[in-house]
Amino acid sequence: MKTLIFRTIAPFLAALMVLFSVFVTLRGHNEPGGGFIGGLIAASAFAIHGIAAGVHSVRRTLYFRPLSLAAFGLMLAGLSGLLSILFRVPFLTGLWAFPEIFGVELALSTPMFFDIGVYFVVLGALASIALTLEE
Amino acid sequence: MAGSPSHSVDLSQAMIMAPSTPSDWLIISPIIITILAGSLMVMLRARPASHAYIATISMALVVACELLLLQNVLQNGPQSMTMGRWMPPFGISFTVDAMGALLAAISGIVALAVCIYSSLDINQTGRRLGFYPFLMLLMTGVSGSFLTGDIFNLYVWFEVMLISSFGLIILGGEKAQIDGALKYAILNLMATTLFLVATGLLYGVVGTLNMADIALKVRLLPPEAPMATIGALYFVAFAMKAAAFPVNFWLPASYHTPRIVVSAVFAGLLTKVGVYALIRTLVMILPESRDQLSDIMVVVAGATMLVGTLGALAQNDVRRILGYLVIAGIGSMLAGVAIGTGPAIMGSILYAVHSILVMTALYLALGVLIRMSGGKYKLSELGGGYKASSLLSLLFLILVFAVSGLPPFSGFWPKFVLVEAALGEGHTWLTVIILVSGLLTSIAMGRVWAHSFWRGGPIGTEDGRDAAPLTGLVGTVRARAFIPISALTVFVVLMGVMPTPFFGMAQQGSYSLLSPQAYTKAVFGEVIRQKQEHHKKRTEESEGKTMSDKKEEGNHQ
Numbered sequence: 004m005k006t007l008i009f010r011t012i013a014p015f016l017a018a019l020m021v022l023f024s025v026f027v028t029l030r031g032h033n034e035p036g037g038g039f040i041g042g043l044i045a046a047s048a049f050a051i052h053g054i055a056a057g058v059h060s061v062r063r064t065l066y067f068r069p070l071s072l073a074a075f076g077l078m079l080a081g082l083s084g085l086l087s088i089l090f091r092v093p094f095l096t097g098l099w100a101f102p103e104i105f106g107v108e109l110a111l112s113t114p115m116f117f118d119i120g121v122y123f124v125v126l127g128a129l130a131s132i133a134l135t136l137e138e
Numbered sequence: 050m051a052g053s054p055s056h057s058v059d060l061s062q063a064m065i066m067a068p069s070t071p072s073d074w075l076i077i078s079p080i081i082i083t084i085l086a087g088s089l090m091v092m093l094r095a096r097p098a099s100h101a102y103i104a105t106i107s108m109a110l111v112v113a114c115e116l117l118l119l120q121n122v123l124q125n126g127p128q129s130m131t132m133g134r135w136m137p138p139f140g141i142s143f144t145v146d147a148m149g150a151l152l153a154a155i156s157g158i159v160a161l162a163v164c165i166y167s168s169l170d171i172n173q174t175g176r177r178l179g180f181y182p183f184l185m186l187l188m189t190g191v192s193g194s195f196l197t198g199d200i201f202n203l204y205v206w207f208e209v210m211l212i213s214s215f216g217l218i219i220l221g222g223e224k225a226q227i228d229g230a231l232k233y234a235i236l237n238l239m240a241t242t243l244f245l246v247a248t249g250l251l252y253g254v255v256g257t258l259n260m261a262d263i264a265l266k267v268r269l270l271p272p273e274a275p276m277a278t279i280g281a282l283y284f285v286a287f288a289m290k291a292a293a294f295p296v297n298f299w300l301p302a303s304y305h306t307p308r309i310v311v312s313a314v315f316a317g318l319l320t321k322v323g324v325y326a327l328i329r330t331l332v333m334i335l336p337e338s339r340d341q342l343s344d345i346m347v348v349v350a351g352a353t354m355l356v357g358t359l360g361a362l363a364q365n366d367v368r369r370i371l372g373y374l375v376i377a378g379i380g381s382m383l384a385g386v387a388i389g390t391g392p393a394i395m396g397s398i399l400y401a402v403h404s405i406l407v408m409t410a411l412y413l414a415l416g417v418l419i420r421m422s423g424g425k426y427k428l429s430e431l432g433g434g435y436k437a438s439s440l441l442s443l444l445f446l447i448l449v450f451a452v453s454g455l456p457p458f459s460g461f462w463p464k465f466v467l468v469e470a471a472l473g474e475g476h477t478w479l480t481v482i483i484l485v486s487g488l489l490t491s492i493a494m495g496r497v498w499a500h501s502f503w504r505g506g507p508i509g510t511e512d513g514r515d516a517a518p519l520t521g522l523v524g525t526v527r528a529r530a531f532i533p534i535s536a537l538t539v540f541v542v543l544m545g546v547m548p549t550p551f552f553g554m555a556q557q558g559s560y561s562l563l564s565p566q567a568y569t570k571a572v573f574g575e576v577i578r579q580k581q582e583h584h585k586k587r588t589e590e591s592e593g594k595t596m597s598d599k600k601e602e603g604n605h606q
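Same order as they appear, the protein sequences are chains A and B. Reading the first sequence from the start, the letters are residues 4 to 138 in the numbering used here. Reading the second sequence from the start, the letters are residues 50 to 606 in the numbering used here.
Fair warning: there could be bad hints in the mix.
Claimed, not checked - Restraint ranges, calculated between C-beta atoms of paired labels, are given here:
1. B/R96 / A/G57: 27 to 37 Å
2. A/W99 / B/N172: 40 to 50 Å
3. B/D366 / A/W99: 53 to 63 Å
4. B/H584 / A/F67: 48 to 58 Å
5. B/K266 / A/E108: 43 to 53 Å
6. B/Q581 / A/I132: 50 to 60 Å
Stated by the list, open to error - Which stretches of chain B does chain A cover? Using the computed rule of at least three CB atoms under 8 Å from a CB of chain A, they are:
7. 69-81
8. 128-139
Simulated from the structure, these hints should not be mistaken for lab results. C-beta: ideal position from N, C-alpha, C; glycine also.
The whole structure should be built from the sequences, with the hints applied where relevant.
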């Protein structure tokens, strides 16, 4: 789409949406949000960027093929469940660690990595569909 | 913050506290391995040459895990693991009994054979389009269906299976493939929708999705519960998946369109998953609904066998003939479910094992023949197979005997058991149809063998005198083609001459289906033990307290 306003705004909007999608994903453990909706937001960011700047530019920005991102997400989700084999608890059990980094307690958990996996699956699958449709 | 060390809570109220053992992990391992291998291959899309190796190695790993699991189940009874440590029925359980473990192991073996064969049949483009990742995810769905102990989870695995089978069936994107895929997709989507509707109704009635829990609660329901409706919906849904008459037409319309390895996997596994789900729901979970549906099932089973075999007789395309034989086999398995006694269910399980092995092997053997004849698949155009490869014609003949139910191969024993069970329950007509369908199958398959292998050349040539000879296979190709087919044929022969271990496994499977105490104990044993312990602790505590404390506690509750 070749309107000046849209083409000027789109990169900022896309960047903002990707940032927001990360925020929504991380927030999702205890509050509304999560990997699925985060992935949707990120995918729509890339779709907007694609409408404004062309599919080729988006593919270059993503660097990896969208389907590879989706597969990476699936693998991350699977591995986050597999981690529990080391702690002798069943598959997909939530494991938590609270390391202190610069005096701040950071809550790391396997559900978070699972959610990040979901984020990439949704992002990859939907970006793949959107880019194919825009081509 | 959940799980923060400062907020310690009594986890034993909501979670299984016993540590999981490596043997528990065997239950879930086929899913994990296939998912990880599938996603790895999608990431390595640019290097399709590595796919065959990754797929074959991970499938071999899956088979090893499934065999260990089978051994464990046969020795120690049903096994269960509930995901995320949550207490069943709230967590999603994977519960496996002898039937599930047996079918999972056999389907793994078949998929491994297909992995080896497909390094020959699937070219670089097919790999780039994702044949191996789809195959792996299909196996995720298939093993998930066999191993899960949660009926909604079963639905999810059906969807996983469906989506990857869509990908496999349109691999190549030819017009005929898309036509076949459409028929396949619409019927199967309708079936899964019915499955979902039935599951929703069932959840509304019993309030649980865990199969062991449903099996316990259904037996305590008041008589006005709509179990007949739910049972009928499940029956229709799974009959569609299994391609039973009168919803069988999608199978011959679609199974001949994809690549031959894809047809081999589909014919071996997908319909059998439908039958498995039918047995699991109607025999184990909803036995009363099965009793109500028994008469209808007898008719459906008989009609399916006849339609399958008559259809096979009428066809000229060998791939379609095999498609119809898949349907005929489904009829035999349904006959066992319709009769519903222990031996009959055992016959169904044995038949499923036999059918998975023999149908895949037949499709693969046919694939070699088509390859040698330069892409011909019509019976009228084939001929001279024996001259080109006597080994292939021998293997094919064994498979022909097996699929027709002739001794001493794998098809004989399931039919024998089914006939005996049918006669024992007074189903004379069903017995006649089982025997007649065996006869018709041997005619149809005898025709295939005689026409494509025995005679010298296709129609119009005087015993092959002026027919172009079939091309042989080069050495490197020959190994990859014949190793999987021979391995599957060895299983077919073994099941025929040494049926005792298979009988034992199938018997254990049917026993655990008809009296699921061991199955439910595998799921809830740990929960009950934990609750008793908790109760004991509480009574000990309250004995130390004064009466007024007790009263207060009572008021709180």
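Structure-based check of each hint:
1. B/R96 / A/G57: 27 to 37 Å: holds (28 Å)
2. A/W99 / B/N172: 40 to 50 Å: Given range 40 to 50 Å: holds, Cβ gap about 48 Å.
3. B/D366 / A/W99: 53 to 63 Å: 59 Å Cβ-Cβ, so the 53 to 63 Å window holds.
4. B/H584 / A/F67: 48 to 58 Å: holds (54 Å)
5. B/K266 / A/E108: 43 to 53 Å: holds (44 Å)
6. B/Q581 / A/I132: 50 to 60 Å: holds (52 Å)
7. 69-81: With 6 residues closer than 8 Å to chain A, the stretch 69-81 of chain B meets the three-residue bar; holds.
8. 128-139: Three-residue rule met by the stretch 128-139 of chain B, so holds; n is 5.
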